[in-house]
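A.B. asks: Hey, can you work out the whole structure from these sequences and the hints?
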Amino acid sequence: MTDETLAYRATLPRPDVTAAEAGDLLQSRYGLSGTLTELGSQQDRNYCLDTGERRYVLKICHVAYETLELEAQNAAIHHISSKEGAPRVPHVIPSTDGQDIVAVTVRDQTYQVRLLEYLEGEGLTHRKHLPKESVAALGALCAHLAQSLADFTHPGLDRSLQWDLRRAGPVAVQLLSAITDSAARDRIAKTMVSAVRRIQPLAPSLRLQAVHHDVTGDNVVSHRDSYGRLVPDGVIDFGDIIRGWLIGDLAVTCASLLHQADGDPLYILPAVKAYHEVYPLTEEELRALWPLVVARAVILVASGEQQISIDPENDYVRRNLELERRIFDTAVSAPYELMEIAVLKAVGMSTAVLSTEGWRPLFPDIDPATISFVDLGVSSRHFAAGNWSQADMDWRLLARAAAETGTSATRYGEYRLSRSKLRSATPPATYTLHSDICLAGGTTVSAPFAGKVSWKNHHFVLAGEGISLHLDGMEPTIDDEADVEPGQPLGAISGESGSLGGLRVQLSTLVGTEPPLFCAPREAAAWSELCPSPAALLGTGVDAPKPASTELFALRQAHLAKPQKHYYEAPPQMERGWKEHMFDVEGRAYLDMLNNVTILGHGHPRLAEAISEQWLRLNTNSRFHYSAIAEFSERLASLAPEGLDAVFLVNSGSEANDLALRLAWAHTGSRHVLSLLEAYHGWSVASDAVSTSIADNPQALTTRPDWVHAVLSPNTYRGMFRGSESATGYLEAVVEALEGIDTKGEGLAGFIAEPVYGNAGGISLPDGYLAAVYGQVRARGGVCIADEIQVGYGRLGHHFWGFEQQGVVPDIITIAKGMGDGHPLGAVITTKAIAGSLEKEGYFFSSAGGSPVSCVAGMTVLDIMADEKLQENARDVGDYLKGRLVALIETYPLVGAVHGMGLYLGLELVRDRTTLEPATEETAAICNRLLDLGVLMQPTGDHLNVLKIKPPLCLTPESADFFVDMLKKVLSEGW
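Residue numbers for the sequence shown, in my numbering: 292 to 1266.
Just so you know, these hints were derived from the structure itself, not from any lab. Honestly, I wouldn't trust all of these hints.
[Claimed, not checked] The list that follows gives simulated cross-link-like pairs (lysine-lysine, DSS-like), each with its CA atoms no further than 27 Å apart:
id, residue 1, residue 2
1, LYS837, LYS743
2, LYS712, LYS419
3, LYS1259, LYS423
4, LYS837, LYS423
5, LYS856, LYS423
6, LYS1131, LYS1035
7, LYS712, LYS1259
8, LYS1260, LYS712
9, LYS712, LYS837
10, LYS423, LYS1260
11, LYS837, LYS564
12, LYS564, LYS374
13, LYS856, LYS837
14, LYS419, LYS1259
15, LYS1260, LYS419
16, LYS636, LYS837
Since the model is a prediction, treat every value here as computed from it, not as a measurement.
C.D. replies: Next up, the structure:
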């Protein structure tokens, strides 16, 4: 085929065939009729035919495309269909007279027509987000398809096609004339030139075979896995099949992913890795991959611009052009060198190591062993109470260290806490690619290797063979553009003798480009190859220790008991907290919407100081007399309703509920206890016995001891009786259980329940429910236990205690979790009469419960809650947050309901709002996507389909907005 033919084809609009005319063709040539819907295409005219029984695709093609080429497409489909393990492909449907390709004339224009099976499944292109599992699956699909075509040959494959990346340069030149914006045209042209220059030396080594050459989101179909994620498994539209570069096939696929990459070119790496695992690539092919991706991006943009000028009514092209521009912008955002290293590392291939043999000292007068290095990482002892966010904090710490030691430096490869960003959907650039040194002014700086000097605006570069040294903060003593030898003086540190000056040092293998000072953690492996450590200049102490998250997680798995679970399959290693945020070892800040233990927020300096002071003064057990235990007990009693004035101090919620049950047994002399289904009360023997949540214990409903009587859960959303007025129906179940206990003649010890259904996601109990149940229980001599461990202590905002919402007063209150802001602390508050009943069984003692440190922690928490008005904040921010969450119901069918109040909320996700089928797998996947976006969230409820929203009470409106915005992003884009 000549270039003229190729150029002519590029100017063709779609065939001008209406739906009515297509219907006539289908009836006359295939004997089929039904509903027609036009499908998108760049140069074909495609229709979907739905007969009511089956669906088909009618493809109408210009005669400028030879019949031999169409025969090659059909033959490839037949070939792939015969291969075991190959992707699904559509069957070719012959006409009534047995032809696979039919020549037709419509209004004096001749076209070639084919009919294919409609391959069922969902496409990927217009998904705003694809998880890495889907990206990897697309790469694997591309590899399996290429494997299936490896032994396929056909004369129709040897053709000239504008999409053939072997011809990308000449094709781009032809297409660029359609771009009227000269600046955009020049940018695209220069990009293609740079890509071709990198491809040409590798071209002879690139394998040739039959390739689909268009395995993109438009041309694959997918099924959904159990989590609702798309898994591509079928391929359609073989219109671009050629004999071409194997790696070009993968380049096309990777380029198509960039419009969903949110500007991150490394997004393609799971696809590359998955492809290589199926169909291994050579090093030369891997090095050519990114330049080919860039070339594909150029062709896409240039072709789209040209096609829209030819066929302005083509909505398919117009929609795709926006995506293609996004692909181009992402493709040109990263240096070729960075992507080459990232691709090689993704498949486990090593790259060249920089040799520093023969390098001379950077500072001839300073022994590197005398340099002190400042820890500016996430776990640094220098940081507390958010001081890392203060302006120039890193420089101030560096200068202070230098004043003490003479010469001090920051560390290379460190994840800087000061670079962290709160409420960020993407990980910030925290990884350090340089070192800053604070040292005496006037210190001589010398060339470590031979090279050419250049300096501009105080930025000095020594360009050597394969490596450049970048310096800032030096007064050069050598001319610009001068050649220097190893050891030759370059200049001196700015500043007067006796003063301190600063020098920034960075190595880079990039030519003619000033490298970044920091990069995102996901880029660290590649950028650290391009900007290697300056250890040869500053000593090995300059290298920050690498986080050992994987090794530590393996250690945890090896030695921590298996039932002691963890959040997330691949959990981030958290090493710092501040207010409603947690920070991992890479400096990523996560909004903590999950942690109801830290009621004040993380890292509160006032609490830390109070605990530290008391610990230095005294810590012992509660059998000794000291002021803190008396004062704290009085404080707790004052918070409870009148008459509840006896306090037990313990160290956990499980211990508190266990003790409450013992008190009920001791006071009544009976054993039987009434509890609720779907409830959780703890892990001790007694508290676990009354816990019936199958999410926490799948055997809960079949392993309860005979003294536990679990009644129908008053779930006003999905229970047997629904709505706030449903108490009567649920009360009947309670009365039935109580009458069953009555018949035993053994009495009733009591009833335990959360006043707000915390474990089910903060569901309010039906109006009047607790009052009625408490009345029935007390009429039988039992006591009523309010488990306030999760929902109480100001978290509801509108009430300090959950039972206040129901207008009742319990006989026993149990509390824990937030009352110590993470310090192990719990309490039981009851009447003196009930408390005294325990003395019949001996005295009570808890080693850590009520210690001086624990009491001071508890009192300080209460003081801070009052001073910072945290209950009021829980009310105000909680109401605002709930309002925003409720608004989601109108837009997203998956959102079934919003439960709770204050800062104890639950967002229940359902697949069907009528049947209330729980969206269990979707909820898990949504939590994982939220983690990627910087939000900590986990599911709760027996079906694990409720987002349990229980953040620190210091949550700000800005953080509430960020949470809802990220949740909306997930619900709209996918997970």
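A.B. asks: Work down the list of hints and note, for each, if the structure agrees.
C.D. replies: Hint-by-hint comparison with the structure:
A threshold of 27 Å between alpha carbons decides the hint, and for LYS837 with LYS743 the separation of about 34 Å lies outside it, so the pair is violated. Of the supplied pair hints, the one linking LYS712 and LYS419 holds, its CA atoms being roughly 24 Å apart against a limit of 27 Å. At roughly 20 Å between alpha-carbon atoms, LYS1259 and LYS423 fall within 27 Å of each other, so this suggested pair holds. With a CA separation close to 25 Å, the supplied pair LYS837 and LYS423 stays within the 27 Å bound.
Taking the CA atoms of LYS856 and LYS423, the gap is near 24 Å; set against the 27 Å cutoff, the hint holds. Taking the CA atoms of LYS1131 and LYS1035, the gap is about 25 Å. The hint holds against a cut of 27 Å. In summary, the hint linking LYS712 to LYS1259 is supported, as the alpha carbons are separated by about 21 Å, within the 27 Å threshold. Restraint check for LYS1260 and LYS712: the C-alpha separation of about 19 Å stays at or below 27 Å, so the hint holds.
With a CA separation close to 21 Å, the supplied pair LYS712 and LYS837 stays within the 27 Å bound. Our distance criterion of 27 Å between C-alpha atoms is met by LYS423 and LYS1260, whose separation comes to about 17 Å. With a C-alpha separation of about 24 Å, the suggested pairing of LYS837 with LYS564 holds against the 27 Å cut-off. For the hint pairing LYS564 with LYS374, the CA-to-CA distance comes to about 23 Å; that is within 27 Å, so the pair holds.
For the suggested pair LYS856 and LYS837, the alpha carbons sit about 26 Å apart, so the restraint of at most 27 Å is met. Under the criterion of a C-alpha separation no larger than 27 Å, the hint pairing LYS419 with LYS1259 is consistent with the structure, at around 13 Å. For the suggested pair LYS1260 and LYS419, the alpha carbons sit about 9 Å apart, so the restraint of at most 27 Å is met. Restraint check: the Cα-Cα separation between LYS636 and LYS837 comes to about 17 Å, which is no more than 27 Å; the hinted pair holds.
In the structure shown, a violation is registered for the earlier hint numbered 1 alone.
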